[in-house]
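Participant: Going down the list, the protein sequences come from chains A and B. The first sequence begins at 108 in my numbering and counts up by one. The second sequence begins at 13 in my numbering and counts up by one.
Since the hints were made in silico from the structure, they are not lab data. Check the hints yourself; a few may be wrong.
[Claimed, not checked] Far from chain A by the CB rule (all over 10 Å, computed), these chain B residues: (1) L25; (2) A39; (3) D66; (4) S70; (5) E75; (6) T82; (7) T83.
[To be verified] As a list, the in silico DSS-like pairs of lysine-lysine whose alpha-carbon atoms are at most 25 Å apart: (8) B/K89 with B/K120; (9) A/K138 with B/K117; (10) A/K138 with B/K64; (11) B/K117 with B/K68; (12) B/K64 with B/K89; (13) B/K89 with B/K68; (14) B/K117 with A/K164; (15) A/K124 with A/K164; (16) B/K72 with B/K120.
Ideal placement from N, C-alpha and C gives every residue a C-beta, glycine not left out.
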Amino acid sequence: EADIYQTPRYLVIGTGKKITLECSQTMGHDKMYWYQQDPGMELHLIHYSYGVNSTEKGDLSSESTVSRIRTEHFPLTLESARPSHTSQYLCASMDRGRYEQYFGPGTRLTVT
Amino acid sequence: GDSVTQMEGPVTLSEEACLTINCTYTATGYPSLFWYVQYPGEGLQLLLKATKADDKGSNKGFEATYRKETTSFHLEKGSVQVSDSAVYFCALSDEGGSEKLVFGKGMKLTVNP
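Given the sequences, and given the hints that come with them, work out the whole structure.
Facilitator: Next comes the structure, spelled out in structure tokens:
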């Protein structure tokens, strides 16, 4: 059973607010990922990390930022939310050399 | 770069119907192949995988065979249930050193009783 958690599950906020989406995993995985899922269900990789103090931008440009200060924690921050940020955000982690990603339940963000 | 092309939906089937979701890939190396499933309101779960040519992955009545000659990994189930309603993603491991997964666009399946 994969142990990867995301909070909050649902968030509705106004334009201009700063938000942080939390993602934690208890499996000790080095690699973690953030995906943005559009209404058509396609997944877009926006950030990833290979370990502590490692962060990289993904294939889709995003105004969000991430940090990786601890192995188990990979938060995503939006400094000033806009309606275009409305989406589902999925966090995942992967064991070294296994290529199986474990996903959290997602955060559905709505910016009004 | 590596890519995955999968059948797009949405698809609606009646319970006990046969299901095939086509997936083909382009890769320079010898990737591992995956099917992930996303049930309503949840994150993705690994459904099955295959790591080398001619391997067959299976789980919950679903099967897929890694066909290197046709670069395909089609998902099949002989008799679908209402509980199989979900979005299905085909994916491959990018083994060029980036350690990322490349996903198809996903296909939404609805099974009616």
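Participant: Next step is simple, just say for each hint if it's right about the structure.
Facilitator: Checked hints:
no., hint, in the structure
1, L25, "18 Å, holds"
2, A39, "13 Å, holds"
3, D66, "19 Å, holds"
4, S70, "16 Å, holds"
5, E75, "18 Å, holds"
6, T82, "22 Å, holds"
7, T83, "18 Å, holds"
8, B/K89 with B/K120, "15 Å, holds"
9, A/K138 with B/K117, "23 Å, holds"
10, A/K138 with B/K64, "23 Å, holds"
11, B/K117 with B/K68, "22 Å, holds"
12, B/K64 with B/K89, "21 Å, holds"
13, B/K89 with B/K68, "13 Å, holds"
14, B/K117 with A/K164, "20 Å, holds"
15, A/K124 with A/K164, "22 Å, holds"
16, B/K72 with B/K120, "18 Å, holds"
Of the hints listed earlier, there is not a single one the structure fails to meet.
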